[in-house]
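Asks: These are the residues of each chain, in order.
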Amino acid sequence: MLNNTSNLSPSKQLAMNYFRVAIVLFGAQLLFGLIIGLQFLYPSFLYNFLDFSVGRMVHINALVVWMLYAMIGSVYLMLPDETGIEHPVAIGLGKLAFWVLTAAVTVVVLVYLFIQVGPGKESTIWLINEGREYLEAPRWADIGIVVVVLIFYANVFFTYMKGKKTGIMTVMVADLMALAGLYLAGMFFTDNISMDQYWWWWVIHLWVEATWEVFVGALAAYGLIRVINAKREIVEMWLWIEVLMLFGSGILGLGHHYFWIGTPEYWWEIGALFSSLEPVPLVAMFVHVLYDWGKEQGQHQAEGKGSSIKNGPTMAWISINAFGNFLGAGIWGFFHTLPQVNIYTHGSQFTAAHGHLAFFGAYATILIGMMYLGIQDAYGLKRLKATFKSKMAIFLITFGVLGMTVALTIAGYEQVLVERAELGAGWQAFFTAQNLPWYVQAQVWREIMGVVTFVGFVYLVWDLLTIGKVQAKAEQA
Amino acid sequence: MAGKKASVWTSISFWRRSAAWVTGFATILLIWLTFDTMAQIRMGTDKELQEGVKRRIPAPTVINYKIDYKYDEKRGLEAPVIGPEKQPLFGKELSPKEAAALLHLGKLTSQAKNCMDCHTLLGNGAYYAPDLTKAWLDPMWEKTMPAMTGKKTKEEAMVEFLMHPDKYPTHARMMPNLGITEQEAKGLVAFLKHMSSIDTNGYPRGFSKTIKEFQTGGTYAK
Amino acid sequence: MNFHMFEQCTDITCNSFFAWLNQGPLTLTIFLHTVIILPMIWIYFSEKKKLERGE
Numbered sequence: 001m002l003n004n005t006s007n008l009s010p011s012k013q014l015a016m017n018y019f020r021v022a023i024v025l026f027g028a029q030l031l032f033g034l035i036i037g038l039q040f041l042y043p044s045f046l047y048n049f050l051d052f053s054v055g056r057m058v059h060i061n062a063l064v065v066w067m068l069y070a071m072i073g074s075v076y077l078m079l080p081d082e083t084g085i086e087h088p089v090a091i092g093l094g095k096l097a098f099w100v101l102t103a104a105v106t107v108v109v110l111v112y113l114f115i116q117v118g119p120g121k122e123s124t125i126w127l128i129n130e131g132r133e134y135l136e137a138p139r140w141a142d143i144g145i146v147v148v149v150l151i152f153y154a155n156v157f158f159t160y161m162k163g164k165k166t167g168i169m170t171v172m173v174a175d176l177m178a179l180a181g182l183y184l185a186g187m188f189f190t191d192n193i194s195m196d197q198y199w200w201w202w203v204i205h206l207w208v209e210a211t212w213e214v215f216v217g218a219l220a221a222y223g224l225i226r227v228i229n230a231k232r233e234i235v236e237m238w239l240w241i242e243v244l245m246l247f248g249s250g251i252l253g254l255g256h257h258y259f260w261i262g263t264p265e266y267w268w269e270i271g272a273l274f275s276s277l278e279p280v281p282l283v284a285m286f287v288h289v290l291y292d293w294g295k296e297q298g299q300h301q302a303e304g305k306g307s308s309i310k311n312g313p314t315m316a317w318i319s320i321n322a323f324g325n326f327l328g329a330g331i332w333g334f335f336h337t338l339p340q341v342n343i344y345t346h347g348s349q350f351t352a353a354h355g356h357l358a359f360f361g362a363y364a365t366i367l368i369g370m371m372y373l374g375i376q377d378a379y380g381l382k383r384l385k386a387t388f389k390s391k392m393a394i395f396l397i398t399f400g401v402l403g404m405t406v407a408l409t410i411a412g413y414e415q416v417l418v419e420r421a422e423l424g425a426g427w428q429a430f431f432t433a434q435n436l437p438w439y440v441q442a443q444v445w446r447e448i449m450g451v452v453t454f455v456g457f458v459y460l461v462w463d464l465l466t467i468g469k470v471q472a473k474a475e476q477a
Numbered sequence: 001m002a003g004k005k006a007s008v009w010t011s012i013s014f015w016r017r018s019a020a021w022v023t024g025f026a027t028i029l030l031i032w033l034t035f036d037t038m039a040q041i042r043m044g045t046d047k048e049l050q051e052g053v054k055r056r057i058p059a060p061t062v063i064n065y066k067i068d069y070k071y072d073e074k075r076g077l078e079a080p081v082i083g084p085e086k087q088p089l090f091g092k093e094l095s096p097k098e099a100a101a102l103l104h105l106g107k108l109t110s111q112a113k114n115c116m117d118c119h120t121l122l123g124n125g126a127y128y129a130p131d132l133t134k135a136w137l138d139p140m141w142e143k144t145m146p147a148m149t150g151k152k153t154k155e156e157a158m159v160e161f162l163m164h165p166d167k168y169p170t171h172a173r174m175m176p177n178l179g180i181t182e183q184e185a186k187g188l189v190a191f192l193k194h195m196s197s198i199d200t201n202g203y204p205r206g207f208s209k210t211i212k213e214f215q216t217g218g219t220y221a222k
Numbered sequence: 001m002n003f004h005m006f007e008q009c010t011d012i013t014c015n016s017f018f019a020w021l022n023q024g025p026l027t028l029t030i031f032l033h034t035v036i037i038l039p040m041i042w043i044y045f046s047e048k049k050k051l052e053r054g055e
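Chains as they are written, first to last, in our numbering: chain A, 1 to 477; chain B, 1 to 222; chain C, 1 to 55.
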C-alpha cells in the first residue's frame, strides 16, 4: 500500500494517498479509544493530563475524519472506472487539497492534545475547539474543510459531467452534494442549547443515517460489479430502491433525535415510525449482496470456473458490511428508537453500544474493503486472494467490535435500569449505576475486546502493506 | 390490456422516479417541520415570563425565578415549573440584558471547556459523567455540596466546585481542573439553571423522584 | 374507560398544523407516510403505460 502506485491513474493514486492517511487515523481512533476505555476502570489514569474529554474528542474526531478520508479515497478510486476518465478535470488542485487537508488535520489534532481547552470566548471556538460532540473542529478548520471539500466535489462533478453517466455515479454525485452541504448546518454559535442541538443533528443524523448510508449503497454497488462481476442493471435497480428507502425513512427519521431536546411533542410520532423503518433498507442491502453473490457464484460453478470472487478481502468486508450495517445500525438502533424506550435509554451506554457497532458495521467495513480494491489496482492483480493476515484482521476486528458492543449493551442495561428507572437520573444515581459490579465487569470486557480489535488492526495494517507485493510476485510466477 | 407485458417492479426508471419523489418530498416536509419547530424553540421573552406565558425555551431572565420539575398529570410526564416566586441567581435579580450576557458567557464556556465530551447535555454527549440537563435541580447541590465546599448557597457551591473540581472529589472518577475562572463559572451556573427550565418532554424521566425523596428525607437526605 | 388513544393536545403550543394532527392514534405519522407513498401509485401507472407503449 505504501509503494508501487506508479502504474495507477492519477485519480487512483490520489485515492491511495487518502487511504494511507485514513488508516493512520483509524489507528489513532483505536488507540485513544483504549485510553479512555481504561479511564472508566482507572479514573486516575492520565487525570488532569490527558483527561477523558480530550481523549474522547480525539477518539471520535479521528473516527469521523478517517472515514471522510476513506470516503473521498473511495470516490477517487471509482471515478475513473465509472466515468471512463482517468484524469479528473482538476487533479492538480485535488492533490493540493489533499495536502492542505492533511496539514490542517494535523494542526487540529495537535491543538486538541496540547492546548485542549480555552477560555470562554469566541476565540476558543475559532481557534481551539468548538465543544460540540463530533463537530469539535475549530471554526477555521471548518472553513478549511468546506474549501477542500468543494475542490473535491468540483473534481467529481465536472469529471462526471464530462464522462459516462452511470446510475451509480449519478447517485454518488447527488449524495455528495447533500453530504457536503449539510456540514454548513453545524457552523454557527447560538446561546440556545435546543437550537444548537436541533441543527447539530441535521449534520450528524443526516450524515450517518441518510447520506452516508446512500454513499455506502453506491460503494457496495460499485464493489459488487468490480469484485463478482454483478450485472450493472440489477445492481443499479437495487441502488435506486435503496435510495428510495434510505432517504424515505432516514430524512424524517431525524425526528428520533428531537424527542427530548426542547422540541415539540409531535416529533415522538414522526421520529418513532420513520426511524423504525430505517432498518428495512439495511435488510434489503444485505439480501441484495447475498443474492448477487449466490447468483454469480452459481453461474461460475455451472461453467466450471471455480470462485467468482476477484478480490477476497474486499468481498469479505462487503459481506460483513451488509450484515454489520443491518445489525449495528438497524437492530441496535431500533432497540432504543421508540420514545417509550428512549426516554430511559437516551444518553446511556446503550447509545455507545449502538454507536460502536453501527459505525463499524455500516462504514468501517466497506471502507476497508475499498482499500483492498485500491491495492488490487495498484499492483494490477487479476485476483487478490485473502491471506492469513487478512483473515486474522477480519476475524479479530469483527469479533472485537461485536464483543465491545455486547459488553456496552450489558453496561447500558445496568445503567438504564438502575440509574434511570430505579433512581431517576441524578448525580448520585449516575455513580450508583457506574459502580455496580456488573456494570464494571462489562467495562472490563469492553476494554479486553478493544485490545482484541487493536490486534486485529495491527494485522490489517500488516496485510495492507504486504498483500499486494506478495501476490504480484505469485501472479507473475 | 395493452400489447406488451412488462413488469414495472424491475424497471430502473420506476425506482429512480420514486426515489427522487420520496427524497424530494421528505426533504420538503422536513423543512416545513423545521420552520414550525423553530418558531417553538426560539428563546422566549422576559415579558412572557412575567406574564406566565409558557415557552419551551424561556428567556435568559428565567434565572431570576425559582425552577422546579414536577409531574404533569395531563401530559403524563415531568415538566419544569417556573416561578411565580423569584429566586435570583447569586441573590441579585438581573436585567434581560445582563441575564442574556451571563447565559452567553456560560454557553460559550460550556463549549470552550468541552463539557459535552464527558457529560451529556439534554442527553447528548459522552457518558463518562452525569447528565447535566437538570443538574441545577440535583439534590446533591442542596446540602452535600454546599457543606463540602463551605458555601451557603448552591450557586456559590457550584462556582467553587467548577473552579476547583479536583479539590472536591465525590467519587473516584473526578472532574478535571479546566482552568475555569470565577466569572466563567457564574456563567456556567446561569447556563445550567437556564437549561433546567427547558421543557424536555419529560426527560430525564423520574428526575423529580430524586428531588422528592430529598425533600421528604429519602435516599439522598444524608 | 380512557385508553388515551385520542388525547387532546397538551403540548406547550397547539396552534400548529403538526400539533393539530398529533391528537389521535399515530395520526400524524400515518398521514405523513401516506402523502409520501401515495404518489408512487401514480408513478407506477405512468411507468406501466410507458413500458406498454414500449418506450
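Hints are supplied without guarantee of correctness; some may be wrong.
[What the hints assert, rightly or not] With a straight-line cut-off of 25 Å between C-alpha atoms, the simulated DSS-like cross-links for lysine-lysine are:
#1 K154/B <-> K167/B
#2 K162/A <-> K50/C
#3 K231/A <-> K121/A
#4 K50/C <-> K165/A
#5 K382/A <-> K48/C
#6 K92/B <-> K47/B
#7 K66/B <-> K151/B
#8 K97/B <-> K154/B
#9 K121/A <-> K97/B
#10 K295/A <-> K310/A
[To be verified] Label pairs and their computed distance ranges (CB to CB):
#11 S44/A <-> G179/B: 17 to 27 Å
#12 I31/B <-> K165/A: 22 to 32 Å
#13 I37/C <-> V53/B: 50 to 60 Å
Treat the hints as calculated values from the structure; they're not laboratory data. Glycine included, each C-beta is placed from N, C-alpha and C at the ideal position.
Asks: Keeping to a limit of 25 Å between CA atoms, is the pair of K66/B and K151/B held or broken?
Replies: Status holds; Cα separation ~20 Å.
Asks: Within a Cα-Cα threshold of 25 Å, do K231/A and K121/A meet the stated pairing?
Replies: The given pair, whose Cα atoms are some 57 Å apart, is violated under the 25 Å limit.
Asks: Take a quick look at whether K382/A and K48/C sit within 25 Å of each other, Cα to Cα.
Replies: This hinted pair is violated, its Cα atoms lying about 42 Å apart.
Asks: Does the structure keep K121/A and K97/B at a Cα separation of 25 Å or less?
Replies: holds, 18 Å
Asks: Does the structure keep K162/A and K50/C at a Cα separation of 25 Å or less?
Replies: At roughly 29 Å apart (the allowed maximum being 25 Å), K50/C and K162/A break the hint.
Asks: Assess, step by step, whether the Cα of K295/A is no farther than 25 Å from the Cα of K310/A, and give holds or violated.
Replies: holds, 15 Å
Asks: Is the Cα-Cα distance between K97/B and K154/B 25 Å or less?
Replies: holds, 24 Å
Asks: Given a hinted range of 22 to 32 Å, is it respected by the beta-carbon distance of I31/B and K165/A?
Replies: With Cβ atoms ~28 Å apart, the hint holds.
Asks: For I37/C and V53/B, compare the CB-CB distance with the range 50 to 60 Å and indicate the outcome.
Replies: At roughly 39 Å between Cβ atoms, V53/B and I37/C fall outside 50 to 60 Å, so the hint is violated.
Asks: Do the alpha carbons of K50/C and K165/A lie within 25 Å of each other, as the hint requires?
Replies: The hint holds at about 23 Å.
Asks: Can you tell me whether the CB distance of S44/A to G179/B sits inside 17 to 27 Å?
Replies: The hint (17 to 27 Å, Cβ to Cβ) holds, given that S44/A and G179/B are roughly 20 Å apart.
Asks: Decide if the proposed pair is consistent with the structure: K92/B and K47/B, CA atoms, cutoff 25 Å inclusive.
Replies: holds, 19 Å
Violated hints for the displayed structure, listed by number in ascending order: 2, 3, 5 and 13.
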